[in-house]
Amino acid sequence: MHSGHSLSRRDLLRAASATALLPLAGSSSSLLAAPAERSMVAMRSGHTVQVRPHKGRTSIFVDEQPIPGMSFYGFGNEKVTNDVADTGVPIFFCAGGPFWNGPGDYDFTAFDNRVKLIDGKVKDVWLLCRLNMLSTPLWWSERNPDEITRYAHAPDVPGEFRPEWRNPRQASMASQKWIADAGDMLHALVKHVENGPYAQRMLGYMLNSGGSEEWVYWGAQFGYIPDYSPPALTYFRNWLTHKYGKQAWIESVQIPSEAARRRGLPGMLRDPAQDHLAIDYELCLSDIVADNLLAWCSVVKQATGRKRLAGSFCSYLMWQTGLVNALSTNGHLALRRLMDSPDIDYLTGITSYDNRGAGGPGSFILPVESVQRAGKLYYGESDIRTHVLGAPHSSARYSSTGLLTVPAKDAAESVDILRREFSHHVIHGAAWWYFDMTGGWFDSPEILAELKKQAVIARQAVDWDMTSVADAVGIVSGVSPARHPLQRMHDINNYPKLLDLQCDRATKELYRSGVLLDWLMTDDLDPQAMEHYKALFFYNATWLTQKQRDAVEALKQKGRALIFVGYPGLSTDRKLDVDAASRLVGMKFKLDFSRACAEITPRNYDDPALREVKGKLLLGAGAVVGPRLVPDDPDAVVLAYWPDGQPAAAVKRHKEFTSYYYAISPNDPDLFRTMCRDAGCTVYSTNNDILFGNRSLLAVHFSDCIQPIRLPKAKKVTNLFTGEVVLESGTLLVPKGDGATHLYRLEENAL
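Numbering (our numbering), first residue to last: 717 to 1467.
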């Protein structure tokens, strides 16, 4: 189904002009047919589970009472399950599937047996049903060949991938028949669970599908480009009609070919005038994923009378985004769609594979504060490779990139990493589960002792104020990745220099700056709600709505630092607009369509913006980048240059604000700290340690120097893992410098 209908430039420009008149497709409603009304099931337990605002964040509530979000999930190792249950971890995931034998023929025995591993040992833990079975049974694929995902290399035949799989042909996520049939199965499962012997301890359901159960569009994880199926085409035409109104050209439009979706390569930008249809389809593909997921969340909500939680993995906006974007092909751009829905309660990501080792920040791959502002819970997966594993958990696809990290070297390092994970999630108000992926990773007395300590603190922390005190914020876009040419994970993963352009790698040093950092989306740009932020870091803002551009203008005051990376505001609905980028940043640019090696260095370290840089600064790992947005403003100071001498970074100091531009992320703690300090942000430390903090807690990871952390107010400070009061009242906190991870309780007016 390659594009056989060629749109004229006039058609495209006319369509683009309509964008301002109609909302993006699926912004508030599904494009699928109205789901079948399913009855509420009889429920053995009437307890009500909700996600609600709590102590400055969001939390799980059971019958009006908050519970800690510390959780565990393991693959059927009964000994480890029992040992972890003894530590006091309050929530366990229980897996289920596959158990769909044919139409109306369900066998839930495997699920019941998994639950018995937990239920037989402990009676006072909560359970979350993790459904790993929302993939297509072979019998269903054979009966419904026209509903199967198809790929760009062979769009006229049902697609296959991973032939060793039980079923390499998966239903299109746009297939209404598949969504309805699987919805019937899900409804039957919920009925079974809610009438089972463990119903009184059930919190809700995690609805997993797609590649790695993470809603990666079928095939994309293995190098295939989806989706060219008849259901996807029907959805796309409806999507276009929703966006542009009824237009004659939509009736014959086809899904853009692989060549059309890759146009612009080896450059890193699409031309909206030529590539508007490809941009639309990348956004459409993500709406397909969102609509499928939300349809099944609705099944859970209907079946339980909205008394149980529903959620899943999806929308990793802080992983495979930036100057290179595999996220579009994966169908992960519709985070706002998910957060605006009343049918989903929590969203899940993983601890970054790229910086999770000892001494790394273990960054989130969703913007947690944005998720919480929408009233949802962030529920993280921490599948840390402990020392027990003894060897890398490797994959041939990633073996040359280091994407999957080696295990901790010993028990002490395992404990420090797990303590960082605990501290990071608790401080940011996130729930999380430790994932024993192969059975035995947590089978260590040191680790079990650590989990016991963490469980005690987690229960205490439910009553503490977790309000953010960050005065710097990173900002990511859910739609900007579609403005970049299609690139698969397989196009990027074997090239570390390209991987270093992706968000988690390109921002990991910011966590060492000593400045506390929140993460929001461009959709959250609101001058009033963001009044307290003093430094705004726009990681990828290639495309913004006019409302968002106006919000940026309103934030250009009170001495703020606005830090822009890449192609801020350059892509509009009609063209690549240098003037629009210049207005957004507050600095004049020119656009150079040549490509150059991204190794950006200063020539003069005397500018105040570079005063804290202590050694040779090199931004970028050498990936070839183009086109280039080049500072061209006589009132700006050039801070760094491309190898060919073109300006690559600059600062312009306005009366009310300071604007910074970097072609590549300023991924250096000293550099980022200086920009934030000059904007008035609190700098807790200059020791380049990993720091997380909120109103009640402060964590330092892997500090091996005795250098004080400066608190903005006098506090009583207690080391929560040792119980030692390290500061009765004061502002200078001196870590032990033992290379460990420490979590401190901060209390005001304690004396």
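Any given hint might turn out to be false.
Simulated pairs of lysine to aspartate or glutamate, DMTMM-like, Cα-Cα distance not exceeding 20 Å [unchecked claim]:
hint	residue 1	residue 2
1	K1332	E1315
2	K1330	D1394
3	K832	D799
4	K1330	D1351
5	K795	D1349
6	K1304	E1328
7	K1306	D1242
8	K1169	D862
9	K1371	D1386
These are computed hints drawn from the structure, not numbers from a lab.
(message) With the threshold set at 20 Å, check whether the alpha-carbon distance from K1304 to E1328 stays at or below it.
(response) violated, 27 Å
(message) Does D1349 sit within 20 Å of K795, going by the straight-line distance between their CA atoms?
(response) violated, 66 Å
(request) Decide if the proposed pair is consistent with the structure: K1330 and D1394, CA atoms, cutoff 20 Å inclusive. (result) Distance of about 17 Å is within 20 Å: holds.
(request) For the pair supplied as a hint, K1330 and D1351, confirm whether the alpha-carbon distance does not exceed 20 Å. (result) Violated. K1330 to D1351 sits at ~27 Å, over the 20 Å cutoff.
(request) Take a quick look at whether K1306 and D1242 sit within 20 Å of each other, Cα to Cα. (result) violated, 29 Å
(request) Compare the distance between the alpha carbons of K832 and D799 with 20 Å, and conclude whether the hinted pair is satisfied. (result) holds, 15 Å
(request) Measure nothing beyond the straight line between the CA atoms of K1371 and D1386; if it is 20 Å or shorter, mark the hint as holding. (result) violated, 24 Å
(request) Take the C-alpha atoms of K1169 and D862, compute the straight-line distance between them, and say whether it is at most 20 Å. (result) violated, 54 Å
(message) Does E1315 sit within 20 Å of K1332, going by the straight-line distance between their CA atoms?
(response) holds, 12 Å
Violated hints for the displayed structure, listed by number in ascending order: 4, 5, 6, 7, 8 and 9.
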